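Could you put the whole structure together from the sequences, leaning on the hints where they help?
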Amino acid sequence: MKFIIKILKDFPAYLWSGWGAIASIFLFIALWDVGNQVYGNLVLPSPLETFQTLFVMLQDDSLLAEIKTTLYRASVGFGISLLFGSLLGLFAGFFVTASIMSRPIVTILVGMPPIAWIVLAMIWFGMGDETVIFTVIVASFPIIFVGALQGTRTLDGDLKEMAKSFKLPWHMKFLDVYFPHIFSYVFPAWVSALGMSWKIVVMAELLATSDGIGASLAVARSQLDTPAALALVVIMIGSLMFIEYIILEPIKREVELWRN
Amino acid sequence: MSQIEEKSHATNHYLYYPDEKNIPPYLAYGFRPIFLVLAPYMLISMLLWGLVLGGFLHLEFLGDTLTWHIYEMLFGLITAGILAFLATGLPELFPGLIPLVGKRLKHIVILWLLGRISFWFIDITGIYLTAFLNLAMLGWVIWFGKDAVLDKLQRHASIGYAAVALFIIEVWFFASQLGFAITSGMDILKVALGAIVVLVLLALRRVNMEAINEILEDKNIDDVFISRPPKTNLAIFTVIVFTIVEFLYPQNSALAWIGFACGAAILGITSEYKLENKFILNQPYVIYLASIYALLSIGYALMAWDLLNPDINGINHFRHFITSGGIGLSYIAVMLIITWAHTGRHITANIYTHLMVFFIIFATFMRGLIPFFEEYTNELYLYSSIIWSIPFAIYIKQYYKFLLNPRADGIKG
Numbered sequence: 658m659k660f661i662i663k664i665l666k667d668f669p670a671y672l673w674s675g676w677g678a679i680a681s682i683f684l685f686i687a688l689w690d691v692g693n694q695v696y697g698n699l700v701l702p703s704p705l706e707t708f709q710t711l712f713v714m715l716q717d718d719s720l721l722a723e724i725k726t727t728l729y730r731a732s733v734g735f736g737i738s739l740l741f742g743s744l745l746g747l748f749a750g751f752f753v754t755a756s757i758m759s760r761p762i763v764t765i766l767v768g769m770p771p772i773a774w775i776v777l778a779m780i781w782f783g784m785g786d787e788t789v790i791f792t793v794i795v796a797s798f799p800i801i802f803v804g805a806l807q808g809t810r811t812l813d814g815d816l817k818e819m820a821k822s823f824k825l826p827w828h829m830k831f832l833d834v835y836f837p838h839i840f841s842y843v844f845p846a847w848v849s850a851l852g853m854s855w856k857i858v859v860m861a862e863l864l865a866t867s868d869g870i871g872a873s874l875a876v877a878r879s880q881l882d883t884p885a886a887l888a889l890v891v892i893m894i895g896s897l898m899f900i901e902y903i904i905l906e907p908i909k910r911e912v913e914l915w916r917n
Numbered sequence: 002m003s004q005i006e007e008k009s010h011a012t013n014h015y016l017y018y019p020d021e022k023n024i025p026p027y028l029a030y031g032f033r034p035i036f037l038v039l040a041p042y043m044l045i046s047m048l049l050w051g052l053v054l055g056g057f058l059h060l061e062f063l064g065d066t067l068t069w070h071i072y073e074m075l076f077g078l079i080t081a082g083i084l085a086f087l088a089t090g091l092p093e094l095f096p097g098l099i100p101l102v103g104k105r106l107k108h109i110v111i112l113w114l115l116g117r118i119s120f121w122f123i124d125i126t127g128i129y130l131t132a133f134l135n136l137a138m139l140g141w142v143i144w145f146g147k148d149a150v151l152d153k154l155q156r157h158a159s160i161g162y163a164a165v166a167l168f169i170i171e172v173w174f175f176a177s178q179l180g181f182a183i184t185s186g187m188d189i190l191k192v193a194l195g196a197i198v199v200l201v202l203l204a205l206r207r208v209n210m211e212a213i214n215e216i217l218e219d220k221n222i223d224d225v226f227i228s229r230p231p232k233t234n235l236a237i238f239t240v241i242v243f244t245i246v247e248f249l250y251p252q253n254s255a256l257a258w259i260g261f262a263c264g265a266a267i268l269g270i271t272s273e274y275k276l277e278n279k280f281i282l283n284q285p286y287v288i289y290l291a292s293i294y295a296l297l298s299i300g301y302a303l304m305a306w307d308l309l310n311p312d313i314n315g316i317n318h319f320r321h322f323i324t325s326g327g328i329g330l331s332y333i334a335v336m337l338i339i340t341w342a343h344t345g346r347h348i349t350a351n352i353y354t355h356l357m358v359f360f361i362i363f364a365t366f367m368r369g370l371i372p373f374f375e376e377y378t379n380e381l382y383l384y385s386s387i388i389w390s391i392p393f394a395i396y397i398k399q400y401y402k403f404l405l406n407p408r409a410d411g412i413k414g
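Top to bottom, those sequences are chains F and B.
Residue numbering for the first sequence follows the working numbering, starting at 658 and increasing by one per position.
Residue numbering for the second sequence follows the working numbering, starting at 2 and increasing by one per position.
Read the hints as simulated data drawn from the structure, not as lab findings.
Predicted, not measured: the structure shown is a model, and the values here were computed from it.
Please note that a few of the clues may not be correct.
Calculated lysine-lysine pairs in the DSS-like style (CA-CA distance at most 27 Å, straight line) [stated by the list, open to error]: (1) Lys413/B x Lys666/F; (2) Lys220/B x Lys22/B; (3) Lys659/F x Lys279/B; (4) Lys666/F x Lys279/B.
Here is the structure:
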């Protein structure tokens with residue numbers, strides 16, 4: 658509880674410190690505008706036109722439904738990866754044998770291109786939710802697994818020894834000794850896996866389904882509607898930035914405070 | 002020596018004080034005579050501009066009153082500002098430097114005044130004399146501050162470079178007015194404004210640190226305020242990009258996004274006011290200084306918004322958030338801080354300082370938001386300039402006695 662209050666207390670200052678980041682985003686948008694002036698509206702619509710299209714699209718209920726569908730698929734896929742990836746990774750980290758065994762498998766999973774997974778999933782599950790969710794899981798699971806594995810593998814032996822000799826109760830041992838260290842590995846892995854899930858879900862939808870943001874993107878492409886396509890991209894990037902910078906980053910800062 | 006270099010508060014002192022005999026208090030340190038003439042000059046010039054722009058006083062200004070009005074409000078005032086800042090700050094930033102006092106100080110202030118007189122009589126005396134006096138003044142100030150640029154560690158060199166850039170822009174302006182350059186005077190003045198904003202941001206970073214740490218120490222607050230360069234540098238970078246793009250492509254839509262970037266980057270500097278342990282945003286001087294950034298930021302953001310919006314044509318009105326607002330308030334804030342701290346007193350906030358800051362902000366909103374209240378345009382022009390002048394009248398009433406008397410703590414200067 659104290660932890661959450663601390664995050665909330667520091668939140669306004671954290672939010673206010675983001676102006677510099679906003680400035681660099683605006684500079685990037687200025688470059689985008691220059692790109693529009695050089696290549697024309699068909700190739701790269703202007704930022705203003707894109708934002709206006711986005712505004713109109715957001716008034717439309719059908720788009721909100723598409724966003725919901727995508728969000729559902731990404732969350733389920735990511736949630737399963739998060740749960741199993743973290744648990745299995747921790748488990749593998751505690752046992753060297755399990756770690757040795759799992760490493761090559763993870764390499765295979767990471768090495769396989771997501772697009773190949775999509776093709777296989779389409780054959781296995783057909784055109785629907787399962788294909789997308791499955792692809793999200795196989796793409797994000799290895800990232801979380803490796804993070805959790807590294808976290809437990811790198812635990813400081815001296816600290817373990819100390820906890821043992823002081824006869825710390827198990828919950829203190831876990832919360833005060835192991836958790837902060839493991840979390841500092843697992844959390845960044847969660848963040849990158851989330852980013853991966855969000856990208857993969859759209860790609861899978863674009864190829865394998867008839868609904869969701871990815872499918873809308875496919876429609877925009879077939880109609881050469883570049884403003885709509887870019888508006889969808891803005892939605893994806895905007896939501897990812899919201900989750901990463903507004904929700905996850907403040908937690909990460911508090912969790913990693915002990916490093917200083 | 003090392004102790005003096007380590008401390009960085011406004012109560013630092015020079016190592017040497019010139020042994021000139023019988024220096025009157027008003028010439029005992031750089032800022033004193035400058036503020037003594039700057040405050041009334043602000044009042045008198047606002048009155049004169051009111052009369053000229055209202056058509057009551059017929060001064061031709063070579064047929065281009067607006068351009069010359071902007072020239073004077075930018076260059077006429079900034080040279081005094083730079084002189085006050087350098088003459089007061091440099092001997093403390095570089096303790097080996099001998100302060101500018103006595104006769105030398107008197108001469109340079111007279112040179113500034115001659116520059117002002119030649120400006121108001123430009124229709125009679127001609128551009129050459131005004132150009133010579135004003136360029137000589139700025140050139141001399143840069144020469145005085147050369148140690149900052151030549152400093153091996155380059156700690157404050159950026160201020161020197163910005164001042165040199167301003168000098169070159171002023172030469173360019175006079176060249177264009179004399180027909181040696183084809184660029185319009187107004188376009189050059191917009192470039193000058195960019196350079197002045199850069200200079201203000203550079204100076205403010207130092208003023209912030211000196212003043213806020215001084216206040217923290219006075220109030221026994223056990224924390225340190227450190228303003229690190231990256232945030233200011235980002236703001237300066239965006240302002241430079243905006244200024245260059247505005248000069249080359251004044252109507253380009255990309256300029257709008259750069260304007261928003263300027264607004265965000267400048268506002269971002271205020272996040273430095275969050276200290277490790279103590280909350281200082283309730284300190285009046287922190288609010289005054291933060292308001293400068295806020296006004297500059299609003300100015301750039303509104304200009305950006307104007308560029309994206311074809312229905313509004315108020316970019317030059319919105320620019321007043323930068324000129325009358327940000328730069329005007331930085332004059333007031335710096336005058337207050339220097340006058341308190343460098344006359345041997347604690348930096349104090351009271352009803353007068355609150356009012357001075359409030360009037361500048363209020364007048365800026367009146368002037369800057371004219372596009373939204375077009376039916377009251379004339380009234381807003383008039384009243385905003387009157388309200389904007391009040392702080393300088395308050396300064397004369399409240400602080401002249403500080404400037405005309407020796408330091409309260411008995412130290413020379």
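Hints, verified against the model:
1. Lys413/B x Lys666/F: violated (47 Å)
2. Lys220/B x Lys22/B: violated (37 Å)
3. Lys659/F x Lys279/B: holds (20 Å)
4. Lys666/F x Lys279/B: Measuring from Cα to Cα gives roughly 14 Å; hence the hint holds.
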